[in-house]
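Using the sequences and the hints, build the whole thing.
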Amino acid sequence: EGRYAVIFKSAGNPFGEKLMDGFEKAVKEFGGEAILKAPAEPTAEAQIQMIEQLIAQHVDAIAISANDYDALEPALKKAMRRGIKVVSLDSAVNPDSRDVHINQANPELIGRVEVQAIYEMIGEEGQIAVLSATSQASNQNLWIEWMKKELKKPKYSNVELVKVAYGDDLRDKSVSETEALLKTYPELKGIIAPTTVGIAAAGKVLTDKGLKGEVYLTGLGLPSEMAEYIKNGVCPWMYLWNPIDLGYLGAYAAHALVTGDINGEVGDTFNAGFLGEKEVIQAGEGTEIMLGAPFKFDVVNIDKWKEVY
Amino acid sequence: MLEGKSKGLFNSENIQKIRELGLITFIIIIGFFVQLRNPSFLSLENINDLIKNTAILSILAAGMMLVIITRGIDLSIGATLALSGMLTAMTVKIYPGLHPILAIFLGMLIGLICGVIIGFFVARTSILPIIATLGMMNVFRGITFLVSGGSWVSAYQMSDGFKNIATGSVFGINNLIFVAIIIYILFYYFVNYTRTGRQVYAVGSNPNSARISGINVSKILCLVYMIMGALAGLSGVLWVSKFASAQSNTAMGYEMTVIASCVVGGVSIAGGRGKVSGLLSGVLLMGLLDNALPLINVSPFWQDAIQGAIILLAVVVSALVKRSVDRKNLMRRVI
Amino acid sequence: MSEYILELKGITKEFPGIKALDDVHFQLKSGEIHALMGENGAGKSTFIKIITGVHQPEQGEIYLKGKKVSINNPNDSKKLGIAAIYQHATSYADLSVTENIFIGHEKIKQRSKRLLWDEMHAEAEKYLNQLGADFSPKTEMKALSVAQQQMVEIAKALSTGARIIIMDEPTASLTKSESEELYQITEKLKDDGTSIIFISHRFEDTYRLADRVTVLRDSRYIGTWNVAEISNEQLIQAMVGREIKQLFPDKKADLGQEVLKIEGLGRMGYFSDISFTLHQGEILGLTGLVGAGRSELCQAIFGITPYEQGKIYFQGEEIKIKHPLDAMELGIGYLPEDRQEQGLILEWGLEKNISLSALDKVSHQGWIDNSKEVDMAQLLAEKLNVKAKTIYDLANSLSGGNQQKVVVAKLLTADLKVIILDEPTKGVDVGAKSAIFEIMSDLAEQGYGIIMVSSEMPEVLGMSDRIIVMREGRITGSFSREEADQETILKAAMKKKVSLKAKNK
Amino acid sequence: MENLTSSVEKNISIEREFRTKDFFLQWEWLLLLIFFLIHIINSQLSPYYLNTYTLLDATMTFLDKAFIALPMALVIIFGDIDISVASTVALSSVIMAVAYNAGLPMVLAILLCLFIGLLCGLINGLLIVKFKELSAVIVTLSTMTLYRGIAYIILEDQAAGEFPDWFNFPGWGYIKGIPFILILFALFAVIFLLLLHKTTFGRKVYAIGNNEVASKYSGVKVDKIKVAVFTLAGLMAGVTALFLTSKMGSTRPNIASGYELDVIAMVVLGGVSTSGGKGKIIGVLLAIFIIGFLRYGLGLVNVPDQVILIIVGLLLIVSVMLSNLNKK
Ligand SMILES: Nc1ncnc2c1ncn2[C@@H]1O[C@H](COP(=O)(O)OP(=O)(O)OP(=O)(O)O)[C@@H](O)[C@H]1O
Ligand SMILES: Nc1ncnc2c1ncn2[C@@H]1O[C@H](COP(=O)(O)OP(=O)(O)OP(=O)(O)O)[C@@H](O)[C@H]1O
Ligand SMILES: [Mg+2]
Ligand SMILES: [Mg+2]
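Chains as they are written, first to last, in the working numbering: chain A, 1 to 309; chain B, 1001 to 1335; chain C, 2001 to 2505; chain D, 3001 to 3328.
It is possible that part of the hints are untrue.
What the hints assert, rightly or not - In silico DSS-like pairs for lysine-lysine, Cα to Cα no more than 27 angstroms straight-line:
#, chain 1, residue 1, chain 2, residue 2
1, B, Lys1219, C, Lys2113
2, C, Lys2078, C, Lys2109
3, D, Lys3176, A, Lys78
These are computed hints drawn from the structure, not numbers from a lab.
Shown next as structure tokens:
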């Protein structure tokens, strides 16, 4: 019973595909109908159209990974006025335009853990840089905030964040940005790339330039994309969460909202299939549900995961 | 021949030369400032990177120049590139043993087919290039999504041989650069030393006379789009090999960069004009901007505006140069 | 094996709205120079294009050395050793002279198929020098003057080494000396056994050069004569079919006061130091050779192109004309030289075409009043005897002559004082011609001042009260109707101030 | 002028003879057919499709870019093209937002938005007529990059918004159950219909598109008209910016990316030939609703976007091919 829709940022992205798989899996478990959508290009405009189409279909809930933090607000509000439950996951929308957000991993955790990782890799001192996605990606910007906070700690006194570069999640741009980093900062010892395209591009550059062991790379990447560079040691380890579980949790949260088990208030708890009990917690203005800590991929487990996504 | 010299000042080569000189000086000036800001700019490594990253652009630009010379335009190359890249990568994934050379030919073949389709529309059904390529852009892109089923082909799924296409090198020259050089030698020979090459210019310069002097116009048009397609296909393989990853949204909107570098290189949208040397300087400028702006810490938010402004500047200047030359030609007519 | 290298029988060619050729015969002996004459629109160029395979005839056969051949495209004729210099240059503005000369039969290395530029440049240089031209073969075509472009066309024909060379008005834009050089080349070719078909409106060409002459009139074959045996008068008779005078209404011009006065008008590169006056009811003939700058001059007066020096006075006071609209509002109208390119919108009906230049007359506050528009169009179209079924017929469905009448009708929508007619009879058949002449003299009688640009000697002589001759952008002669005749005008038209060589130093 | 020629025989009729064949061969009929086909198909595919409520809402999803299609039709009738419109949308939207956040009253901010659009268009127009050597493609190609670039300089990675609540009315509001955007679009559609088909201005636009030279010889101020039309395109881009911004409640430098191609597709499908001189507003309107409803309907049955992409692409080419055929 019930029709549940998920909208991802854009089509043709393995992460998204897996996320939607997880979503579908959950919906099947509690016996609803799953609708999977993803625009051809990652724009808010396209997602608004899709939301309207879903409203017209009278779906019960929409789970969305937003291309823009604010721009979807009117559309989603309209949906909620029509009694449709709205869940954002992976990439959030502002609290006003959602019932609850599914947080793949605590942004604070992500930010801090990545800094700690690079700190360990470069031997506790030296210059590091960040290679981010598009300059307006809300996730990345939030994580970078936390990295900077972490870096304030005294133990990082002799680690220097020299630049935040933007590869716009384009291969060619990410490559030239990385190369520019290496030339501009010959002393550079580490790169944090909290974006799947960026980290893979960086990995490629470091591999080609044979900088393994001189410049270290970590961040958030797809196992399949990064397997190569984790095994050749350019990127000793990196993090990501499991998109399947993320989608899965999203679906269950939506279901809980629809059935009225929860209404997105802090403290609400509900059963999320094999993920067990989940609780709604405060997050800034709004509320969210935490999937868990970011998952660490390294030489040991990468072969298993690269096949998955 | 003496007068010949005296009038030489106004012959076609020189008009071009004036433009290119302007462009080159422009490039040098930019380079100079970049060097001041960041000494590593003129390092051998960076030069190498610059050329390597511009190689693919330059290959595409060569094809686009032919298209534009025939008064056409091709918006579909980005999609063609993605399609051939994806299909080739998937093939490599299934048959890791596939010889790189074969992979390249496969990519070119796929591109060629795309080109043939467009060539057919433009030459035979007299659909305007901009429409035909606009439509096929959507189609090719869509097909890429479908065949890939939304998943990417990642580094670990590609044979080393395939990845080496982009990273390997011949007598110390990176393969990408090497391929580009080969292409340009052939290209230069084609446009300047073969009949067909010149006929491309003739068709663009004056289609009606072309018919009267018995040139098979629609054949030439077809050919031009086939070449463009094949080069886009080749670029697809190089691209995928370079970044060791095939995505369905590869090179979205890249066609604009290519067209821009042609226009800046003095290839006239009105058809009939365009020289390899000019094209190269145009491509160089584009590549330089991509390479230099990050180097001198230009805020990423300024890069578009700077590019746009420079393109506009370049075309306006070239227009003014052309005017002054025409004016001189008139003055020569003592009335 | 016949004595004729080329023979055409019963050629008929129709264009939409006009029969360009009607059962035309033609015989070319090997090694002769054969003149082809006839009025504008007689069908000469079309006939040529049949031979060169640009057009295919509806009926008729072509025999080469007695063998029947079919020429379906320019390449066929090229293979058969036929080369042509077309009347309207078919050049590639963006390409170099050498390329224009060798396009289609480039010199290539045997095996590698590589173009041999050096050889081509050298040979091009050779031909150009033969022709006494002095510009480098590397020059870009668009940098050349009309005359120079004409030379390239000739060089092109020479370079093919053809056995039959066709020249469509090659001398039209050449000076006497240039023509003389062309004559010598032509004769040299003839001595080498090449046969030449030679089209020209200039009788001297025919008498100086040709062995035999074939005349076309109204797209029909009239006859072929040995040049030695036919007099100028007979020839004109054959071409026009009657005494020329009959073609022109005899109008007594009673000149009113002066309407237009041009003083030292000049535009760099096109014309300079042009001065003349025009009176009400006067027809001023402006003649010269193609490329003399007449159209450019008229266009400057009409505000199409700017002029740098000089003044224009209209009805006494000086005026500045920046845009055709200014001219039209003052009462100056211009009938452009090329009716299809500059005069009409071929895909439009008559009514829209006629009203275009007077939209404000058929509209209030920008809203078009269709009934007004149609009525105006109908009135004018009928006054000018345009042959059309409805007022909505598309312009390109009309014959050349009627198209021309429509363009005239456009002029009459405005109440004008001065009308400039640029080649008003270009490519229109005899009937339409006399109609246009009638309209002209009517207008003159109503007090319009008329400037008529024309390359056609007879009509200049027949129509004008005064005749001004231009050469290379300068006025080289001005005659009253009485003192003017073919000879004096031609002399003026040929008069050379600066030699082409000197010009380029 | 009275006794111009002695014999004036009345022989030219002013009655348009009605040729059934030509009448029904008109492009617009084909479009109308497609239009209905799409509705039939869609209503077969989705149970939710065929009710006025859905259909009206559907228009909200695609009408924003449609405003640009109207002037773009004029531009293409010239035989020119303007690919800078999307960037113009972005720039005027961004400037509006920034100005409002800087304390400018919303009403003025809206006017500013329109003005910026107009300005961008004007710049294009002037560049195009002043530099005849440069085709509109080149000029708008570079201003496309330039305008969006400026938008990026202004807003960098920020989003701007926080508009007053009433400002989401344009994008989302209804009047008597009819979307406001639909009403306003209908208004503009009528205006352009009259402008192009009933006024001297429109007549001149066609004239220039058919034969620029002849138009000039006939006293048409070609340059003035061209500048006017490109300015109009900019202005309407401003209008689109208003609706889009209102729709999203906030703005970013990257909004409306790729709109130019959608718009061009609409116009071309509407039967406006890019070789100039031909095309009717009615055709463009039909095309707008064809593409719009097609996309919407397919979306309603959750056809993957990529497939929709292909369908639209093919529709474009096939229809243009058909129109070429029926010309012959
Ligand atoms: N492509 C064409 N389409 C329609 N009509 C044409 C075409 N070419 C020529 N005509 C018409 O055929 C007739 C003969 O034209 P043609 O050019 O052969 O005359 P001509 O004898 O060469 O005149 P001129 O002395 O001016 O060169 C003219 O009435 C012309 O308008
Ligand atoms: N002295 C010159 N040198 C080079 N080109 C010239 C010269 N004079 C005129 N031209 C060019 O030749 C073309 C023909 O000139 P224009 O038409 O004004 O002369 P015309 O006497 O009207 O010739 P036509 O009889 O063909 O109308 C013009 O486009 C002009 O640009
Ligand atoms: Mg002729
Ligand atoms: Mg003239």
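Evaluated hints:
1. The hinted pair formed by Lys1219/B and Lys2113/C meets the criterion: a straight-line CA distance of about 19 angstroms does not exceed 27 angstroms.
2. As the CA atoms of Lys2078/C and Lys2109/C are separated by approximately 20 angstroms, the hinted pair is consistent with the 27 angstroms bound.
3. The hinted pair formed by Lys3176/D and Lys78/A meets the criterion: a straight-line CA distance of about 18 angstroms does not exceed 27 angstroms.
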